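Just so you know, the protein sequences line up as chains C and D, in that order. Just so you know, we're using the numbering used here here: the first sequence kicks off at 1 and counts up by one. Just so you know, we're using the numbering used here here: the second sequence kicks off at 342 and counts up by one.
No lab work stands behind these hints, which were simulated from the structure alone. Note that the coordinates shown come from a computational prediction; the quantities given were computed from them, not determined experimentally. Mixed in with the good hints there might be a few duds.
Computed, partial: chain C to chain D, Cβ under 10 Å [what the hints assert, rightly or not]: (1) 77; (2) 78; (3) 176; (4) 289; (5) 293; (6) 294; (7) 297.
Beta-carbon label-pair distances, calculated as ranges [stated by the list, open to error]: (8) D:412 with C:64: 49 to 59 Å; (9) D:493 with C:338: 43 to 53 Å; (10) C:210 with D:441: 48 to 58 Å; (11) C:338 with D:440: 55 to 65 Å; (12) D:475 with C:69: 46 to 56 Å; (13) C:334 with D:441: 28 to 38 Å; (14) D:479 with C:331: 21 to 31 Å; (15) C:69 with D:454: 16 to 26 Å; (16) C:21 with D:385: 55 to 65 Å; (17) C:69 with D:406: 16 to 26 Å; (18) D:405 with C:68: 43 to 53 Å.
The beta-carbon is built from N, C-alpha and C at its ideal position, and this holds for glycine as well.
Okay, here's what each chain looks like letter by letter:
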Amino acid sequence: MSTLLVAQIVLTLFVFVMLLNSAAVMVYVERKVAAALQQRLGPYLVGPKGLLQPLADIVKLMFKEELRPRAADAFLFALAPIISATCAFAAFAVVPFGGETTLFGLLPEGLRLQVADVNVAILVVFAIASMSVYGIVLAGWSSNSKYALLGGLRSSAQMISYELSYGLALASVLVVAGSLSLTDIVNGQSGTWFGVLPRWFIFIQPLAFLIYLTAGIAETNRAPFDFPEAEQELVAGYHTEYSSMSFAMFFLAEYVNMVTVSAVATDLFLGGWHGPFLPESLGWIWFLVKVAAILFFYVWMRWTLPRYRYDQLMRFGWKVLLPLGVVNLLVTAAGVLYFAR
Amino acid sequence: MMFYLFAAVAVVASLLVIGQRNPIYSVLLLIASFGALSGLYVLLDAPFVAVIQIVVYAGAIMVLFLFVVMLLNAPHEDTEQDERVHPLIRRGAMRFGAVLAVALIVELWWALMKAGETGEFGNASVSSVAAIGQLLFTDYAFPFEVTSILILVALVGAVVLARRDPAGAAALRRR
């Protein structure tokens, strides 16, 4: 086996483990930030500054009893969390998170920091996002419980509605970049304008960035759009009947989805691994910083804004976000035509 | 090798779709079949078509199917009410379905006979997104627009058929 192939396999495993870790870290960050926003302390007993809290949570979940309602559809009930978790991880496979590296000269050729370089990467992300609806819908249906079913139905309606705006925001960026490959899009954002302003697409497409972030929050079912699991109305929504590790899979999927949406936003709008002060080979540090900033924004939103009403959510999605997306795409396309001539 | 794997999954899943009692499983098997088809497109070096297959069919259309099946809440088809007569000698609309099935089999047979002749296809146009877009809006602009109008008609029809709310009916009567 060639060294490069081994390096690629190691990289894939590394990304997988890091995504798992990111979910654990996000649980801790979520609780700490929530506590800070509510003037509490948050977890502080388990380990130094409560750092081992996620570990304690995982151990607790592992040792819980696995329950299944008697009237549930056994096969689909088991399949639903697997679909959710698989889709969450699969989407990250096409996301590049750094330029080429030779690992300090250890490798004969440069290795691109990306699991798979697909030339239609944006569409792959979009396709996998649309597949992840099934996990939630099937969980809701197969549980044979009214709260879970309502959560599942809400979620499918919400995700279908916001997928359109999400797709339109992606389309505006790919019109500007002229490519469907995420690597090409990131490389199109290197350098600066007038020597100061980095050539990030957020400065040409601020509206698309806002639409993408909003639709991304709705796609990952986070507050203020967390209708599929609205505690006050639906007990816990689509995962009401789940316990132990199958519940943990949904939990994991939610956080990994957040990380993926943030990583794609970083690649599309914030210039990926390009940034000042650091050499190209250390670009992944910039990437991590940007992803962390977006993730913090996510958590901040969740604990600041109250949940919308369901009709407000639908009205906002169809009558505000979608027309804005269409107009933005039209203006972008016209602008690209005008300036490309 | 991969071709046989994907082809087998597609064929077996499609056959199982019509063999299921529970429509939810039918929907899921159809999604599996679409996934296998998408794999075949990747093997044909057409990743764009493969991803579009997933986005449009497996992602959008099948979610709607699943939605409808869940809302109608028709968990099982009853076999006992089926007539135990050969489809071709049944009365009324049932015979039409049998005729369609025969027509489908004849067409399939015809297509298989012709399969050897048309092994050629524009290899440059399937792999490049730009080329597909160019073709779609020049050579195939008319079929493309006609399809979109067809879909619009179907949409309007579905809304009219599904419209059963008292407020809307009252508004219609007042007119």
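Evaluation of the provided hints:
1. Annotation: residue 77 of chain C was flagged as interfacial toward chain D, and the flag is violated, the nearest CB pair being 12 Å apart, outside 10 Å.
2. Taking 10 Å as the C-beta cut-off, the interface hint given for residue 78 of chain C is violated, the closest approach to chain D being about 13 Å.
3. Taking 10 Å as the C-beta contact cut-off toward chain D, the hint placing residue 176 of chain C at the interface is violated, the least distance being around 15 Å.
4. The interface hint given for residue 289 of chain C is violated, since its Cβ lies 30 Å from the closest Cβ of chain D, which is over the 10 Å cut-off.
5. The interface hint given for residue 293 of chain C is broken, as the beta carbon of that residue sits about 29 Å from the closest beta carbon of chain D, more than 10 Å.
6. Evaluation of the residue 294 of chain C hint against chain D yields a violated restraint, the C-beta minimum of about 24 Å exceeding 10 Å.
7. Evaluation of the residue 297 of chain C hint against chain D yields a violated restraint, the C-beta minimum of about 27 Å exceeding 10 Å.
8. Roughly 33 Å separates the CB atoms of residue 412 of chain D and residue 64 of chain C, a value that falls outside the hinted 49 to 59 Å.
9. The beta-carbon spacing between residue 493 of chain D and residue 338 of chain C, approximately 30 Å, falls outside the hinted interval of 43 to 53 Å.
10. A beta carbon spacing of about 50 Å between residue 210 of chain C and residue 441 of chain D agrees with the range 48 to 58 Å that was offered as a hint.
11. Checked against the hint of 55 to 65 Å, the C-beta distance between residue 338 of chain C and residue 440 of chain D comes to roughly 56 Å, which is consistent with it.
12. Restraint check, residue 475 of chain D to residue 69 of chain C: a C-beta distance of roughly 54 Å satisfies the suggested window 46 to 56 Å.
13. A C-beta distance of roughly 47 Å is found between residue 334 of chain C and residue 441 of chain D, which places it outside the suggested range of 28 to 38 Å.
14. Separation of residue 479 of chain D from residue 331 of chain C is about 24 Å and conforms to the stated range, judged on CB atoms against 21 to 31 Å.
15. Residue 69 of chain C and residue 454 of chain D have their C-beta atoms about 53 Å apart, which leaves the hinted 16 to 26 Å range violated.
16. Evaluation of the 55 to 65 Å hint for residue 21 of chain C and residue 385 of chain D yields a failure: the beta carbon distance comes to about 38 Å.
17. Against the hinted window of 16 to 26 Å, the Cβ-Cβ separation of residue 69 of chain C and residue 406 of chain D comes to about 25 Å, which satisfies the hint.
18. Checked against the given bound of 43 to 53 Å, the beta carbons of residue 405 of chain D and residue 68 of chain C, roughly 28 Å apart, lie outside it.
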